[in-house]
Amino acid sequence: GAVVSQHPSRVICKSGTSVKIECRSLDFQATTMFWYRQFPKQSLMLMATSNEGSKATYEQGVEKDKFLINHASLTLSTLTVTSAHPEDSSFYICSADSSFRSVRGPQHFGDGTRLSIL
Amino acid sequence: SQQGEEDPQALSIQEGENATMNCSYKTSINNLQWYRQNSGRGLVHLILIRSNEREKHSGRLRVTLDTSKKSSSLLITASRAADTASYFCATEETSGSRLTFGEGTQLTVNP
Chain A
1 GAVVSQHPSR VICKSGTSVK IECRSLDFQA TTMFWYRQFP KQSLMLMATS
51 NEGSKATYEQ GVEKDKFLIN HASLTLSTLT VTSAHPEDSS FYICSADSSF
101 RSVRGPQHFG DGTRLSIL
Chain B
1 SQQGEEDPQA LSIQEGENAT MNCSYKTSIN NLQWYRQNSG RGLVHLILIR
51 SNEREKHSGR LRVTLDTSKK SSSLLITASR AADTASYFCA TEETSGSRLT
101 FGEGTQLTVN P
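These protein sequence lines map, in sequence, to chains A and B. Under the working numbering, the residue at position 115 of the first sequence is numbered 115, and the numbers go up by one with no gaps. Under the working numbering, the residue at position 3 of the second sequence is numbered 3, and the numbers go up by one with no gaps.
Rather than coming from a laboratory, the hints here were simulated on the basis of the structure. Among the clues, some could well be false.
When the alpha-carbon atoms are kept at most 30 Å apart in a straight line, the in silico DSS-like pairs for lysine-lysine are as follows [said to hold, decoys possible]:
#  : chain 1 : residue 1 : chain 2 : residue 2
1  : A       : K55       : A       : K14
2  : B       : K69       : A       : K41
3  : B       : K70       : B       : K26
4  : B       : K70       : B       : K56
5  : A       : K55       : A       : K20
6  : A       : K64       : A       : K41
7  : A       : K66       : A       : K20
8  : A       : K66       : A       : K55
9  : B       : K69       : B       : K26
10 : A       : K20       : A       : K64
11 : A       : K41       : B       : K56
12 : B       : K26       : A       : K41
13 : A       : K64       : A       : K14
14 : A       : K64       : B       : K26
15 : B       : K70       : A       : K66
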């Protein structure tokens, strides 16, 4: 099946550090990738939709200068949390859409990144 | 905004019992999907049911969709301790490919 690899799985760093999270589709091409944020015992909140070769589409209330997204190839999207602060601590999850043309399919999720800002 | 509402929020049952989780939504959809999440992990896709389908089965899982009531249910039969996880419904709206997730049901299956 379709596999999405997300790295790193856990990051602990000081306030003010920028953190990059990678999301790779290992055995399929993903024209669209999604970045979610999840607080403890809550649902997933979509942050942005990342399209290969174009600018990401951010959800309302998500600061694009704070959460930089780059989707440089059909298998890699990155999320950079710039100048992270404790309130950015959260579980970040990416997913990739393997739909081909008009055939809709499920999203395939990475294992998430636990970000802790001290 | 999250349009999916799930109930119950938490469900605790004994091994061998059936577990039923419900999901309601508000807009027109292309499909509805159910995902499972173990603690601290990503989501695993379980079943996708399209808007023109009413019921779908996969192993011990049975999903129904009632578009007139804008609701879906996930039934897990003969539950096992390993089924303990959070279960989320997600709708793909007709307006695009993004998924909107429900609040989830935390299922605990006691051995």
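Do the hints match the structure? See the list:
1. K55/A - K14/A: holds, 29 Å
2. K69/B - K41/A: holds, 27 Å
3. K70/B - K26/B: Holds, because 7 Å separates the two Cα atoms, which is no more than 30 Å.
4. K70/B - K56/B: holds, 16 Å
5. K55/A - K20/A: Holds: K55/A and K20/A sit about 17 Å apart, inside 30 Å.
6. K64/A - K41/A: Holds. K64/A to K41/A sits at ~25 Å (cutoff 30 Å).
7. K66/A - K20/A: holds, 12 Å
8. K66/A - K55/A: Within the cut-off at roughly 15 Å; holds.
9. K69/B - K26/B: holds, 9 Å
10. K20/A - K64/A: holds, 14 Å
11. K41/A - K56/B: Within the cut-off at roughly 28 Å; holds.
12. K26/B - K41/A: With Cα atoms ~23 Å apart, K26/B and K41/A stay inside 30 Å; holds.
13. K64/A - K14/A: The hint holds at about 21 Å.
14. K64/A - K26/B: holds, 28 Å
15. K70/B - K66/A: It is violated: about 36 Å lies between the C-alpha atoms, which goes past 30 Å.
Checked against the numbered hints above, the structure violates only hint 15.
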